[in-house]
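Asker: Single-letter residue listing:
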Amino acid sequence: MDGELEFLFAGFAVVWAGLFVYLVLLQMRLRNLHEEVETLEERLAEYEASADPAPSVTVTPATNSEAATVRSPSDP
Amino acid sequence: MSAVATQTPENCPAALTSVLRGILALFLWATLPLYNARWTLLPALTGVAMMAMLVGAVIAAPREVIEGDVQRLMYIHVPSASAGTYFAFLIAAASSAAFLISRDIRWDAVARSAATVGVLFTVITLATGAIWGKPIWGVYWTWDARLTSTLVLLLIYTAYLLARSVAGPNDEQAARYSAIFALIGFLDIPLIHFSVDWWRTLHPQRIIFDPRPAVPGEMLLVLLIAFIAITLLMLWLVALRSDTEQLVQRTDRMRARLDQREPA
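The listed protein sequences correspond, in order, to chains G and C.
Numbering follows this note's numbering, in which position 20 of the first sequence is assigned residue number 20; successive positions increment by one, without gaps.
Numbering follows this note's numbering, in which position 251 of the second sequence is assigned residue number 251; successive positions increment by one, without gaps.
Be aware that a few hints might be false.
Said to hold, decoys possible - Distance condition first, Cα-Cα at most 16 Å in a straight line; then the derived EDC-like pairs of lysine to aspartate or glutamate: (1) C:LYS134 <-> C:GLU67; (2) C:LYS134 <-> G:GLU4; (3) C:LYS134 <-> C:ASP144; (4) C:LYS134 <-> C:ASP69; (5) C:LYS134 <-> G:GLU38.
Note that these hints are calculated values from the structure, not bench results.
Chain C extracted, bound-state conformation (with noise of 0.2 Å):
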């Protein structure tokens, strides 16, 4: 009796659920060493990182015969946009899908930081961009795809982060709206992606996801410590607004429940 009933179609959603709540705990197992590890060695790696960075980025890698020294920003601007703006949104989606499965509050905090951190390194690309494409282009901006639906993204998630900023910290169901509306953002960041393959760009092809990178083993060597030590920070800014604002949504529950127990 039991084995027809699981095969029912009103026990699918149960399935669902039960195969998310995996995924969920796959993703907990594979993070929760590096954030437990966010205040002693993810700073320290960071700055390390960092570091080496830029030394790689403006002193060791090879000048550029064509656009000169301003493609040394290149350093900066592509892990910026790969590391720092798609993966922080990726975290801001996966958290936000994690709190829509376990209606615990604290990945909406999560989800906010990322999303957060995710607008700072759009920002930064997006200037970074324009700075190098003065020179080059001879304009700032242009209504290019690949710019265009960058820019779409900073404002979907700006949005996003104004409208839950007007609820509480622990308002389930602007947390839930939001989650929503975070998950459905996240669909432009393979429009990003894949731009420039589906329409005719100014915007320079993909160099690195590439079977044949089209830059030398040099430049690719800078560009790999540049992914690693924005990959780096990035997630330290995570953890570090992260644990603010679950600091922020505990004070909230302890100012409710002294509202509770106090006289009017």
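Extracted from the complex, chain G is given alone in its bound form (with noise of 0.2 Å):
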């Protein structure tokens, strides 16, 4: 039959269409959560941008006698 080869290849070709519209639509999942994230990270530089900045905290080193004391600015 000359038309089997055509036939064989028709079946190979829908195989490989088939795995290839998948993985496009995977590809177009993954683009979306891209997209996703950028966004999420924006608001939250936004975010932290416009709550308060955590106060500045000083550690000094320990001597022979005492050990490692954690001091803030605003303590006495």
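Two independent chains are provided; combine them into the complex using the hints.
Answerer: What follows is the structure, given as structure tokens:
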């Protein structure tokens, strides 16, 4: 049969086309996810910028006689 | 007192839950090493097996005398139907059961991913079967029991995916209903498998899972390679999709937390 190879080719083409379409859909899903993460990062940065800055903390080195103490600028 | 209490019917669900949790732990123990190798070993093995399948199907396998070269589609069609479709929907059903037992939403992502891949392989199975059917049967489609029940399976899981996509990725109620739907949908698979025995069908009888296989050794060897290749491909695709869906769930939770913190 002359048309046999055409059917064989069509069958394999359908398989590869199906896999290709699936991978394209997966890529679109990942692209949307990438955009979503970028949006969340921007929102988080805006939120952190608008929130009150946390007080800075200084650590004094330990001496022989005393353990390390943690002081913040607001400590007396 | 406690010994008597454990035998009361009220405690039967608790015992059943313990048994189901044990089965879930066993399932995890068996599949976790493969899942952990999804970024390294699985793609490489899949690539090698797919190349071997192609060479085997197109070049190495002997030409069938009656059907000719179009019979070589069997090396794609049969593994896609069994290793691709059946196994992917088995994963979807098992993950749905795992979600119903553990209420861990990540199992819902695995179930949806496996159902998506199952739908892909069902389409491949139906398409390659139709292309084989035209030169052999003279028609692309006939309302045969095997073909019709496979089409019903495709419609069931397409409906499952559509219904699940309407709700959010972390919607537990939608996930619960979808899991029950996926489990009920799986009941169609034994119907497909045994349809050639239960009804008079045009579709060929089973040739592999039979005490005396009706194909020669060389063809069986290529079929075995094709089974391995399609199984690995299916597992890889499920793993890729599953990781993507779990990332979607995580970003959705992060968005919800930010919505709560930010002033309106």
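Asker: Against the earlier hints, flag every one the structure doesn't satisfy and list their numbers going up.
Answerer: 5
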